[in-house]
Amino acid sequence: MSVEVLEAAERVRLIDEIRLLEELKSAAAAAQARAAAAFDASTRRAQVRAGLAVEQAGRGVGAQIGLARRESPHRGNRLLGLARILTAEMPCTLQALSVGVISEWRATLLVRETACLSREDRGRVDEVVAGDLAGLEALGDRALVARVRSLSYGLDPHAVVNRAAKAVEGRYVSCRPAPDTMTYLTGLLPVAQGVGVFASLSREADRLKAAGDARGRGQIMADTLVERVTGKARAEDVRVEVQLIMTDRALLAGVLAPDDMDAGVEEPVGAGRRAGSLGGFVPAGSEPAVLAGYGVVPAQWARDLIRGSRPGSGAGTVPSLQREDTDAGTSGSKNHGGSGNCRPTHNQSSGWAAPWGVPRARPDPWTEVWLRRLYVVPESGRLVAMDSKARLVPKGLARFIATRDQVCRTPWCGAPIRHYDHVVPVREGGRTTAENVQGLCEACNQAKEAPGWTSRTVRDTDFGPPVDTPELVHRLGRHTVVTTTPTGHVYWSVAPCPPALE
Numbered sequence: 001m002s003v004e005v006l007e008a009a010e011r012v013r014l015i016d017e018i019r020l021l022e023e024l025k026s027a028a029a030a031a032q033a034r035a036a037a038a039f040d041a042s043t044r045r046a047q048v049r050a051g052l053a054v055e056q057a058g059r060g061v062g063a064q065i066g067l068a069r070r071e072s073p074h075r076g077n078r079l080l081g082l083a084r085i086l087t088a089e090m091p092c093t094l095q096a097l098s099v100g101v102i103s104e105w106r107a108t109l110l111v112r113e114t115a116c117l118s119r120e121d122r123g124r125v126d127e128v129v130a131g132d133l134a135g136l137e138a139l140g141d142r143a144l145v146a147r148v149r150s151l152s153y154g155l156d157p158h159a160v161v162n163r164a165a166k167a168v169e170g171r172y173v174s175c176r177p178a179p180d181t182m183t184y185l186t187g188l189l190p191v192a193q194g195v196g197v198f199a200s201l202s203r204e205a206d207r208l209k210a211a212g213d214a215r216g217r218g219q220i221m222a223d224t225l226v227e228r229v230t231g232k233a234r235a236e237d238v239r240v241e242v243q244l245i246m247t248d249r250a251l252l253a254g255v256l257a258p259d260d261m262d263a264g265v266e267e268p269v270g271a272g273r274r275a276g277s278l279g280g281f282v283p284a285g286s287e288p289a290v291l292a293g294y295g296v297v298p299a300q301w302a303r304d305l306i307r308g309s310r311p312g313s314g315a316g317t318v319p320s321l322q323r324e325d326t327d328a329g330t331s332g333s334k335n336h337g338g339s340g341n342c343r344p345t346h347n348q349s350s351g352w353a354a355p356w357g358v359p360r361a362r363p364d365p366w367t368e369v370w371l372r373r374l375y376v377v378p379e380s381g382r383l384v385a386m387d388s389k390a391r392l393v394p395k396g397l398a399r400f401i402a403t404r405d406q407v408c409r410t411p412w413c414g415a416p417i418r419h420y421d422h423v424v425p426v427r428e429g430g431r432t433t434a435e436n437v438q439g440l441c442e443a444c445n446q447a448k449e450a451p452g453w454t455s456r457t458v459r460d461t462d463f464g465p466p467v468d469t470p471e472l473v474h475r476l477g478r479h480t481v482v483t484t485t486p487t488g489h490v491y492w493s494v495a496p497c498p499p500a501l502e
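In terms of UniProt numbering, the sequence shown opens at residue 1 and continues consecutively.
Be aware that one or more of the hints could be misleading.
Quick list of simulated restraints, FRET-style, between CB atoms [what the hints assert, rightly or not]:
1) D16 to P425: 25 to 35 Å
2) G452 to C175: 28 to 38 Å
3) E428 to L133: 33 to 43 Å
4) P177 to W105: 17 to 27 Å
5) V168 to D141: 23 to 33 Å
6) R456 to A146: 44 to 54 Å
7) E428 to P177: 18 to 28 Å
8) L20 to V168: 41 to 51 Å
9) A222 to D16: 43 to 53 Å
10) W105 to E127: 37 to 47 Å
11) R456 to V128: 13 to 23 Å
12) L24 to Y172: 29 to 39 Å
13) P425 to V128: 47 to 57 Å
If you're looking for bench data, these hints aren't it; they were derived computationally from the structure.
None of the values given here were measured: they were computed from a predicted structure.
Here a beta-carbon is modelled for each residue, glycine too, at the ideal position from N, C-alpha and C.
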């Protein structure tokens with residue numbers, strides 16, 4: 001048999017394997033749905049027997065499911081809702097998922113598009129659409145949604161109209177990171193308003209292009225959106241407080257000689273410090289910075305932002321830096337950083353001038369930049385801060401926690417921090433300290449208040465994670481929170497490592 005024939009047969013086998021694995025994924029998703037629904041019912045019964053009010057039963061169930069699937073609690077709640085509907089109201093869809101005819105996403109579409117219907121009407125749509133496995137398998141996402149919507153409107157037009165009217169209440173604007181130091185600004189609007197906004201931006205782009213504007217049409221629309229929302233004459237003039245975390249080496253690269261940048265570094269990396277992912281192959285001054293609310297950004301981009309030039313241009317002059325006292329208050333060991341805020345100031349030689357701690361307008365107000373210095377223990381990358389005797393987290397400590405944690409500390413969540421939570425509650429003797437406070441999103445903070453959840457911090461470096469926990473999860477000396485769910489499962493959360501110490 002020739003090589004060509006063997007290779008052709010192998011390609012056929014590989015495609016068959018891919019299809020088989022896809023069907024296996026769907027079958028596993030169906031099994032997960034059944035398990036999630038059973039776990040929910042069992043937990044509710046146990047909580048009611050323990051004395052929890054019936055209307056509060058089920059607290060924390062979605063969060064546990066999310067953690068088990070390495071998803072956020074928010075995603076866990078959505079998956080739990082999907083499981084309930086599939087097992088209780090849409091048996092045909094669950095069967096189609098079990099045999100691999102549809103994916104978990106298409107099962108979600110079926111559930112989502114029938115949410116406005118009564119249980120009886122939803123069952124009819126389930127039987128008509130998902131009961132025909134051959135027809136269902138041929139439908140893509142859009143065709144499936146169109147089919148379900150058509151049937152739903154025929155069964156209960158008033159429910160569909162009411163759903164559309166109620167959807168207006170869910171309008172919102174969100175912001176999330178995009179690659180290459182960009183961001184997605186998304187608005188969910190009523191269709192008339194959304195189309196109107198886009199048409200207005202489009203007309204302005206047409207007008208400026210006709211007048212000879214050299215920018216691309218999309219660039220003009222983006223700039224016009226920024227200008228109209230912020231009220232600035234130019235998109236470049238938007239002022240915003242930006243919090244950057246970067247090393248002094250990265251900040252002053254190209255300004256100080258390498259010998260000067262090494263001054264004050266007394267002790268090398270010892271046996272107790274882990275080199276981390278960056279190891280030793282990143283040159284001094286090239287370590288990335290962290291932009292609060294976004295994530296890791298290139299060092300040169302951060303330097304350009306601080307200089308007042310357009311990020312990425314590599315232009316501009318580094319202004320001198322003065323420290324401004326802050327209510328954060330930090331403490332640490334010698335030669336390992338500093339405390340307070342650093343703010344660009346100006347002298348006769350550089351062109352900047354401002355008294356200590358007095359803000360002054362920048363010559364090129366492209367952005368307003370604050371630099372915040374924090375103490376870092378070099379052996380571990382752990383940030384350290386002062387304690388507070390107050391029950392409520394002071395603003396300064398909250399800023400410190402936000403800088404240290406960056407996003408919600410619950411594993412696999414990654415949502416913006418909304419609450420500053422005591423790891424060990426105050427009612428149980430927990431103190432308001434940097435060690436005992438973590439940043440959480442609202443959903444995660446509520447989930448951990450459910451019965452049976454406990455959390456603690458780990459400081460004993462001899463105490464490691466369970467044997468089935470990846471080694472990278474535990475970093476010596478970094479702020480670590482261990483959460484135990486009502487089922488006894490344990491999850492570790494380690495604070496992100498500052499730049500250059502990863």
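Legend entry - Hints breached by this structure: 1, 3, 7, 10 and 11
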